[in-house]
Amino acid sequence: MQMTLYDLKIGETALVVAINTDACLKQRLRDIGLIKNSEVKVLHCSPTGNPRAYLIKGSVIALRNCDAEKIIVLRCGDGCGRKNKNSPCG
Amino acid sequence: MAEKIKIALAGNPNVGKSTVFNALTGLKQHTGNWTGKTVGVFSGEYKHNNKCYEIVDVPGTYSLIPHSKEECVARDFLCFSESDKTLIVCDATSLERNLYFVYQILELNKETIVCVNLLDEAKKKGIEIDLQLLSYELGVTVVGATARENEGIYEVKNALEERNNKNIKRIKYQKEIEQSLEYIYPVLFKLDLKELDKRWLSLRLLDGDEEFFTGLKEYLGYDLRENDFINNAIEKSWKFLNDNGIDKEEFCELVAESLYVEATRVSDRVTLSKQKTNVTKDLKIDRFITGKYTSYLVLGFILFIVFYITIVGANIPSSLLMDFFTKSESALYIFLKNIGFSSFLNDMIIKGGYRVLGWVVSVMLPPMAIFFPLFTILEDLGVLPRITYVLDSKFQKAKTSGKQALTICMGFGCNCVGVTGARIIDSKRERLIAILTNSFTPCNGRFPAIIKLISIFFISVTTIGSEFFSAVFLSVVIVFSIAVTLFISNLLSKTILKGEKSHYILELPSYRKPQITKVITRSLINRTIFVLGRAAVVAFPAGIIIWLLLNCGNKIILESIVSVLSPIGFFLGLDGEILTSFILGIPANEIVLPIVLMIYSGSRELLSVESAEIISKILIENSWTIKTAICFIMFSVFHFPCATTLITIYKETKSIKWLLVSFVLPTALGVVICAILNQFFEFFEFVL
Chain A
1 MQMTLYDLKI
11 GETALVVAIN
21 TDACLKQRLR
31 DIGLIKNSEV
41 KVLHCSPTGN
51 PRAYLIKGSV
61 IALRNCDAEK
71 IIVLRCGDGC
81 GRKNKNSPCG
Chain R
1001 MAEKIKIALA
1011 GNPNVGKSTV
1021 FNALTGLKQH
1031 TGNWTGKTVG
1041 VFSGEYKHNN
1051 KCYEIVDVPG
1061 TYSLIPHSKE
1071 ECVARDFLCF
1081 SESDKTLIVC
1091 DATSLERNLY
1101 FVYQILELNK
1111 ETIVCVNLLD
1121 EAKKKGIEID
1131 LQLLSYELGV
1141 TVVGATAREN
1151 EGIYEVKNAL
1161 EERNNKNIKR
1171 IKYQKEIEQS
1181 LEYIYPVLFK
1191 LDLKELDKRW
1201 LSLRLLDGDE
1211 EFFTGLKEYL
1221 GYDLRENDFI
1231 NNAIEKSWKF
1241 LNDNGIDKEE
1251 FCELVAESLY
1261 VEATRVSDRV
1271 TLSKQKTNVT
1281 KDLKIDRFIT
1291 GKYTSYLVLG
1301 FILFIVFYIT
1311 IVGANIPSSL
1321 LMDFFTKSES
1331 ALYIFLKNIG
1341 FSSFLNDMII
1351 KGGYRVLGWV
1361 VSVMLPPMAI
1371 FFPLFTILED
1381 LGVLPRITYV
1391 LDSKFQKAKT
1401 SGKQALTICM
1411 GFGCNCVGVT
1421 GARIIDSKRE
1431 RLIAILTNSF
1441 TPCNGRFPAI
1451 IKLISIFFIS
1461 VTTIGSEFFS
1471 AVFLSVVIVF
1481 SIAVTLFISN
1491 LLSKTILKGE
1501 KSHYILELPS
1511 YRKPQITKVI
1521 TRSLINRTIF
1531 VLGRAAVVAF
1541 PAGIIIWLLL
1551 NCGNKIILES
1561 IVSVLSPIGF
1571 FLGLDGEILT
1581 SFILGIPANE
1591 IVLPIVLMIY
1601 SGSRELLSVE
1611 SAEIISKILI
1621 ENSWTIKTAI
1631 CFIMFSVFHF
1641 PCATTLITIY
1651 KETKSIKWLL
1661 VSFVLPTALG
1671 VVICAILNQF
1681 FEFFEFVL
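First to last, the protein sequences are chains A and R.
Per our numbering, the very first residue in the first sequence carries number 1; after that it's consecutive.
Per our numbering, the very first residue in the second sequence carries number 1001; after that it's consecutive.
The shape of chain A in the complex, shown without the other chains (with noise of 0.2 Å):
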């Protein structure tokens, strides 16, 4: 099953898989640093649950959830970091 952005839960780590978004989202994120094979945690919500802010390449990046659902990700496990970034992990 594949799941998104928006399924992990706060303090979840995962490894960006696909950005199935608009050409001009895509090019958005690119620019913060969201691409393919990325690392994404997210940090906390707003009051409401929405948006939620992730840790990016080391900044924190707001997003709404409608967004973060466009993007496919794999979770990983706690093992997954900045050690074995170069091998998927889930």
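By construction, these hints were calculated from the structure, which means they are not laboratory data.
Treat the hints with caution; some may be incorrect.
[Stated by the list, open to error] The following label-pair restraints were derived from C-beta to C-beta distances: (1) A:74 with R:1207: 27 to 37 Å; (2) A:69 with R:1458: 40 to 50 Å; (3) A:12 with R:1583: 55 to 65 Å; (4) R:1051 with A:69: 33 to 43 Å; (5) R:1625 with A:69: 47 to 57 Å; (6) A:23 with R:1139: 23 to 33 Å; (7) R:1161 with A:12: 30 to 40 Å; (8) A:12 with R:1472: 39 to 49 Å; (9) A:7 with R:1154: 48 to 58 Å; (10) A:7 with R:1499: 26 to 36 Å; (11) A:48 with R:1655: 29 to 39 Å.
[To be verified] Computed from the model, here is a short list of chain R residues facing chain A with C-beta under 8 Å: (12) 1252; (13) 1390; (14) 1396.
All of these numbers come straight from a predicted model, not from anything done at the bench.
Note that CB positions come from ideal geometry on N, CA and C, so glycine has one too.
Based on the hints, put chain R in the right spot on chain A.
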């Protein structure tokens, strides 16, 4: 005098770019326009080893592919300006993403210096960076800095002085893309391209958007796409790419991917990280500020504190300034008389123009000089982005951007700043909504009158802590204005500005200690003086016009306007005099209440009234009640924007249509709200 060396200062947002700018230039800053553009960019000067440098603070951006108007300004400046060198500021704590932008700049093949800033923050997070190795990898000079401590600034100046030999490492793309460039590259040699790099231009001719070509045309002075050879080459190139299964979207993606691969490789190589990125401290504060229950409390508290400080702090300097203007008036009057001005002319200039100018300055300057620095401190602390983060869901429902919350905040200071600030919003539709609804936010020019009325009609002036209660009442007005802004934004999204919500991507930067002194100088120069200057320019002639209305032909014009507006005024719970004052107050909102008082008292000149008692007496004599006060406050919040804002709206939208909408929409809303309130009160009185 030697020529100035022009330097463009670029970087991602939140990397301490303005700190570097301040450290380099000190106080020698000014907003200036650059060749042929109306968009203001910040520039400053400094001298180093007898050479003069002009440094331009380009708006922060994540890439050279713009999404908002502000980023477009940045792209145009970095690509198409005649700057001699580019200085890129990087965040040492997220080097990888920063390098992606650096590589985009390096492709321009201009003289570039990289400044890796925030080394102290990086150190705290256990990150060390091998600057020498980075310099080797990029092929340009790299300087490390902690700009807020002034560390590394001297080295940056030295680096900017040297001739940096162009040894820039260029990114190699995959085979198909490299081959596709071969079609275009040779053709470019036959053309005059000024300073543009041919390889970079070849790439951009393939993936550039409409706005890119507009900027290019302006820079070159001719349209490259009218050249058949070029068009032919681009066509051939695309045919080749398409044959290899690459379309435009894929092309952009592949280009970006190559840049990122390099950025990741280099950043991994030069970064020595002792531990995993550490954001726990920020996370704890975030949990509090953006928490489910705490966030609204925090937000309300911040709002309250800012207004409280502004209101209390502005009182004394305001009356001092007023004193100064009153005293200087007679001196100026005598002076003009002595140099031979007729008494009519003299009266017109001093009692008309000068007095209104004095009023506007003394009422407007102190609150703004307090509000904008406070705002900048919140910005520096990293609180402002969190506010939009917390409020975004409300704006999502209105199908607009959470960044509109920021433009609203700026609007509290001045609606012109709010309207200009809407440039940070990516989507054109959402930006327009933010512009059109900005005047619903009561600005500093309207606060004094609102506060005066609150203290006259709702709380007795003698109550202890009356300022506290004024701030509470004011907060209620403000919350109402925000609610209306959201409601109207939603309405616009469903009617004339139909569309779906666009994306919202916002970085929440690390919390940082604000640099108080620098904040004050920068916000004073950047916003306060700027806004004040514009207000003063309209206040003086407005004063003369008002004076003429009061003194020519027995006030016939004025009285006929009042009598025409009277029935409308009564319908709105106001009267003809008040509506006339709002119309005469178009140049600046702060003169509305003074004009009201002036017309009531039958005076031929603007009264400088300070004490609430006198105002209260005049108003009550003219049958003001709580109803009138509430309707006045509501109409003050919801009516046509002031002249300066209208001009700004036209400049930002370049459309008469939206200018008209921005005029009619708030006025209509004010009419509806006041009429309803009036009916409500009359019914209430009837029942009682």
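For each hint, the structure was consulted:
A hinted range of 27 to 37 Å holds for the C-beta pair residue 74 of chain A and residue 1207 of chain R, which are about 30 Å apart. For the pair residue 69 of chain A and residue 1458 of chain R, the beta carbons lie near 48 Å from each other, so the given range of 40 to 50 Å is met. As the Cβ distance of residue 12 of chain A to residue 1583 of chain R is approximately 59 Å, the hint placing it in 55 to 65 Å holds. Hint check: residue 1051 of chain R to residue 69 of chain A, Cβ distance near 54 Å, so the stated range 33 to 43 Å is violated.
At about 54 Å, the CB distance of residue 1625 of chain R to residue 69 of chain A agrees with the hint of 47 to 57 Å. A hinted range of 23 to 33 Å holds for the C-beta pair residue 23 of chain A and residue 1139 of chain R, which are about 31 Å apart. Roughly 50 Å separates the CB atoms of residue 1161 of chain R and residue 12 of chain A, a value that falls outside the hinted 30 to 40 Å. Between residue 12 of chain A and residue 1472 of chain R the beta carbons are some 43 Å apart, a value that agrees with the proposed interval 39 to 49 Å.
At about 51 Å, the beta-carbon gap between residue 7 of chain A and residue 1154 of chain R stays in the expected band of 48 to 58 Å. For residue 7 of chain A and residue 1499 of chain R, the Cβ-Cβ distance of about 28 Å falls inside the hinted range of 26 to 36 Å, so the restraint holds. The supplied range of 29 to 39 Å is met by residue 48 of chain A and residue 1655 of chain R, whose beta-carbon atoms lie about 35 Å from each other. The interface hint given for residue 1252 of chain R is met, as the beta carbon of that residue sits about 7 Å from the closest beta carbon of chain A, less than 8 Å.
A cut of 8 Å between beta carbons decides the hint on residue 1390 of chain R: the least distance to chain A is about 5 Å, and the hint holds. The beta carbon of residue 1396 of chain R comes within 7 Å of a beta carbon in chain A, closer than 8 Å, and the hint placing it at the interface holds.
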